[in-house]
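Visitor: Given the coordinates of chain Y, assemble chain H onto it according to the supplied hints.
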Amino acid sequence: MTKDKREVARRPETAAIPTDWEYSPAPESRELVHLQDRYGLFIGGQFVEPLSNERYTTIDPAREEPLAEIAQAGKADVDHAVKAARDAYAERWSVIRPSERAKYLFRIARILQERSREFAVLESMNGGKPIRESRDVDLPLAAAHFFYYAGWADKLEYAFPNRTPRPLGVAGQIIPWNFPLLMLAWKIAPALAAGNTVVLKPAETTPLSALLFCDVIRQAELPPGVVNIVTGDGRTGAELVSHPDVNKIAFTGSTEVGKAIQKTLAGTGKRLTLELGGKAANIIFDDAPLDQAVEGIVNGIYFNQGHVCCAGSRLLVEESIYETVVSKLKRRMRTLRVGDPLDKNTDVGAINSKQQLDKIGALVQAGIDEGAEIYQPPCKLPERGYWFAPTVFTNVAQSYRIAQEEIFGPVLSVLTFRTPDEAIEKANNTPYGLSAGVWTEKGSRILAMAQRLKAGVVWANTYNRFDPASPFGGYKESGFGREGGRHGLEPYVALDGA
Amino acid sequence: MSRLPVHKTYKLFIGGAFPRSESGRTYEAEGANVARGSRKDVRDAVRNARQAGAAWSGMTAYNRGQVLYRVAEMMEAREAELAALCGGVDEVASGIDRVVWYAGWADKLAQVIGSANPVAGPYFNFTVPEPTGVTGILVPEPPLLGLVSRLAPVIVGGNTAVVVASEAHPLVAIELAECLATADVPPGVVNIITGLRRELGPALASHMDVLALDLTGADGDVAELERLGAENVKRIVRGRADSQSPYDIAAFLELKTVWHPIGM
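Residue numbers (my numbering), protein chains in the order written: chain Y, 1 to 498; chain H, 1001 to 1264.
Isolated chain Y, as found in the complex:
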């Protein structure tokens, strides 16, 4: 490069720093998604009309527009699905070679990769999450999860030394609305790899990606009945939980419902795993790389509108850097783009449902009433749809509801600490124990903190990272059992010879 050209390339000193970061709309096309007007239940390899004859409408929460009519499965429908799963278990899935099971799962992973854009758009339409997240997080991880567990199907004896793992039979699986397809993958992949068959109930508000997944099952030529999808609200879930011919229940959702499920199963001997709520502490020490930490705080709480069980919803900041962190955080919050989930520039999408929006609103009001100081960046929220601006509370006492209860929305509570002991004390002062974050440049402190935090996942100098090889799950009232990794197989196998 000549000297002249270098000078041309340099920006003139007089160039103004832009004050306006408006982006042109960059909407992802909805044309990839072909919705039916109504969907049946997927049982025994085909869509069937619900015996219950009940239906409800699933909507796009960003537009408050109906997307399709969904079947509300009743007791007879659940029974039908469990029978199909039982037959498939006895006649097909438990008798084929494990290496063949593996190949079906590899096929599913590949098809999900091939159709990932279609799924990502649908996921954002039905759930309200930004396309950037469904495209870059949900879909790649869902496909990777199937690929990971596919490889385990014919290697189970290496996962459980000195044991011959056997499948349990029919697994009943109930998943939440925050990561619909990804949670489906977390549930179905290990269950099938271990040789079980499945009846899965997607969340009431987000059934569409599970119903589109039935088409993946068709393309993969999975034997009929190995995966059955029953849609509906909590009543459908309750029927599945109490069905006598289900051998195992896996539930991801609220702690309240998790406890009810554990009580229902008391004394039955059925296997159970629960992945429940959280109120994670994200702890920032004064030697932390602050700009990275602020990104981590934002990712920790505003990722997926805060509809994340492991969200870093309690920020614990060392007192000496409190002012700096809060002002950097507020500045960063002003750059978050809230709006159309299908716009590729959107950072924060729509709240998943009216019910959830009301719950967030009520808890935020409680925070204001109890005396916390609220900050929301100026942002224009669309007139239709369910929206909540990114919110941060300062002046929060540990006893406030916003510091105790899971909000499951884009709402952060900031607390302070002076010593590592105090940080640990506050971080662990919750019945939950799903996750935690630590930000410091001091390696030995990271390890000491990681050791003392009562949480199933600890992110150090990062946050909200997920991987199929990495076990995920909670301590205490955040549930039991792990999903992901070798440990994620354990909930789906019987180990003793009895």
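In case anyone wonders, no lab produced these hints; they're calculated from the structure.
We put the beta carbon where it would ideally sit given N, CA and C, even for glycine.
Be aware that one or more of the hints could be misleading.
Just some of the chain H residues that point at chain Y, by a computed CB distance under 8 Å [to be verified]: (1) S1115; (2) N1117; (3) Y1123; (4) N1125; (5) A1183; (6) E1226; (7) R1227; (8) A1251; (9) E1254; (10) W1259; (11) I1262.
Derived SDA-like pairs (lysine to any residue); straight-line CA-CA distance at most 20 Å [to be verified]: (12) Y:K263 - H:R1025; (13) Y:K426 - H:G1220; (14) Y:K270 - H:R1227; (15) Y:K103 - Y:G151; (16) H:K1011 - H:E1081; (17) Y:K354 - Y:K344; (18) Y:K263 - H:F1126; (19) Y:K259 - H:N1232; (20) Y:K83 - Y:K263; (21) Y:K263 - H:V1222; (22) Y:K263 - H:P1118; (23) H:K1011 - H:R1025; (24) Y:K330 - Y:P289; (25) H:K1008 - H:H1169; (26) Y:K259 - H:A1223; (27) Y:K442 - H:R1227; (28) H:K1108 - Y:Y158; (29) Y:K263 - H:Y1027; (30) Y:K442 - H:G1263; (31) Y:K426 - H:D1209; (32) Y:K270 - H:R1238; (33) Y:K344 - Y:R332; (34) Y:K359 - Y:Q404; (35) Y:K442 - H:F1126; (36) Y:K155 - H:P1118; (37) Y:K270 - H:H1169; (38) Y:K344 - Y:S24; (39) Y:K263 - H:D1221; (40) Y:K263 - H:G1058.
Guide: What follows is chain H alone, placed relative to chain Y:
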């Protein structure tokens, strides 16, 4: 000339001491007046177990293994006393060998149960087992081997325990407590309550500081105890009275996964 023997008063084992039941009650079992523990005794035991947790789980695994081995040494020294209160010398021998077997697991279980996880990104990611916390145990028969088989896997992983002894055969549990008390097991790590199952079981199952429950020794009341345990999402285990397995240790361990970025 014949000599009148001195009889032992069988008491509870809480926080390293041998108190009577705070209720002052006893019941007759195996020809002795045995302390009939109360809900308050259960609460005292849980408080002691909880306080003992940090130090016990903070010990090095090597050290914990040695303490367990020392328990086996003390049992060996009291073989005759223990044998007189259970199924006999065979049961004691099996119990001692089982404690030795578990002692050797202390500094291996993290290698067998934990993992390093090859995630698809520049992150160092590993999973380590950690104790769940205070664990309640309803002892199955036979009274010594059942106790040892369920207790050893719980404490070797760093948990602390509140044990409800066999209702019909409680004496050997207190005899074992004397072994524990002289084996450098820190006070509160193991607490043993004697008394009636129908009184003690629900108190233990519903206690919010008890995080795991071994119901191997429960009989007709399993469903009710599990329902009570669900109130704080207890990990509930129903194993076998005579088993010996690292999977019995794993049942009382949490798995913690730690992520850290890799970069220069």
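Visitor: So, for every hint listed, does it hold in this structure?
Guide: Hints, verified against the model:
1. S1115: It holds, given that the least Cβ distance between H:S1115 and chain Y is near 6 Å, below 8 Å.
2. N1117: 5 Å, holds
3. Y1123: 6 Å, holds
4. N1125: Where the cut-off is 8 Å and the nearest Cβ of chain Y is about 5 Å from H:N1125, the hint holds.
5. A1183: Status violated, d = 27 Å.
6. E1226: Given a least distance of 3 Å, the restraint on H:E1226 holds.
7. R1227: H:R1227 check passes; min Cβ-Cβ to chain Y is 4 Å, inside 8 Å.
8. A1251: 10 Å, violated
9. E1254: Since the shortest Cβ distance to chain Y is 5 Å, the answer is holds.
10. W1259: 5 Å, holds
11. I1262: Check failed: Cβ of H:I1262 comes no nearer than 10 Å to chain Y, outside 8 Å.
12. Y:K263 - H:R1025: Between Y:K263 and H:R1025 the Cα gap is close to 33 Å, so the pair fails against 20 Å, i.e. violated.
13. Y:K426 - H:G1220: Given pair Y:K426, H:G1220 is violated - Cα atoms ~41 Å apart, limit 20 Å.
14. Y:K270 - H:R1227: 14 Å, holds
15. Y:K103 - Y:G151: Satisfied, since the Cα-Cα distance of roughly 9 Å is no more than 20 Å.
16. H:K1011 - H:E1081: 16 Å, holds
17. Y:K354 - Y:K344: Distance of about 24 Å is beyond 20 Å: violated.
18. Y:K263 - H:F1126: 33 Å, violated
19. Y:K259 - H:N1232: Cα-Cα ~8 Å, so holds.
20. Y:K83 - Y:K263: Roughly 24 Å separates the two Cα atoms, so the pair is violated.
21. Y:K263 - H:V1222: 12 Å, holds
22. Y:K263 - H:P1118: 37 Å, violated
23. H:K1011 - H:R1025: OK: H:K1011 and H:R1025 at ~11 Å, within 20 Å.
24. Y:K330 - Y:P289: Distance of about 17 Å is within 20 Å: holds.
25. H:K1008 - H:H1169: Answer holds: H:K1008 to H:H1169 is near 15 Å, not above 20 Å.
26. Y:K259 - H:A1223: 14 Å, holds
27. Y:K442 - H:R1227: Given pair Y:K442, H:R1227 is violated - Cα atoms ~44 Å apart, limit 20 Å.
28. H:K1108 - Y:Y158: At roughly 18 Å apart (the allowed maximum being 20 Å), Y:Y158 and H:K1108 satisfy the hint.
29. Y:K263 - H:Y1027: 33 Å, violated
30. Y:K442 - H:G1263: 15 Å, holds
31. Y:K426 - H:D1209: Holds - the C-alpha atoms of H:D1209 and Y:K426 are around 18 Å apart, at most 20 Å.
32. Y:K270 - H:R1238: 11 Å, holds
33. Y:K344 - Y:R332: 19 Å, holds
34. Y:K359 - Y:Q404: Roughly 15 Å separates the two Cα atoms, so the pair holds.
35. Y:K442 - H:F1126: 19 Å, holds
36. Y:K155 - H:P1118: 17 Å, holds
37. Y:K270 - H:H1169: The hint is violated at about 31 Å.
38. Y:K344 - Y:S24: 10 Å, holds
39. Y:K263 - H:D1221: It holds: about 14 Å lies between the C-alpha atoms, which stays within 20 Å.
40. Y:K263 - H:G1058: Roughly 33 Å between the alpha carbons, so the hint for Y:K263 and H:G1058 is violated.
Violated hints for the displayed structure, listed by number in ascending order: 5, 8, 11, 12, 13, 17, 18, 20, 22, 27, 29, 37, 40.
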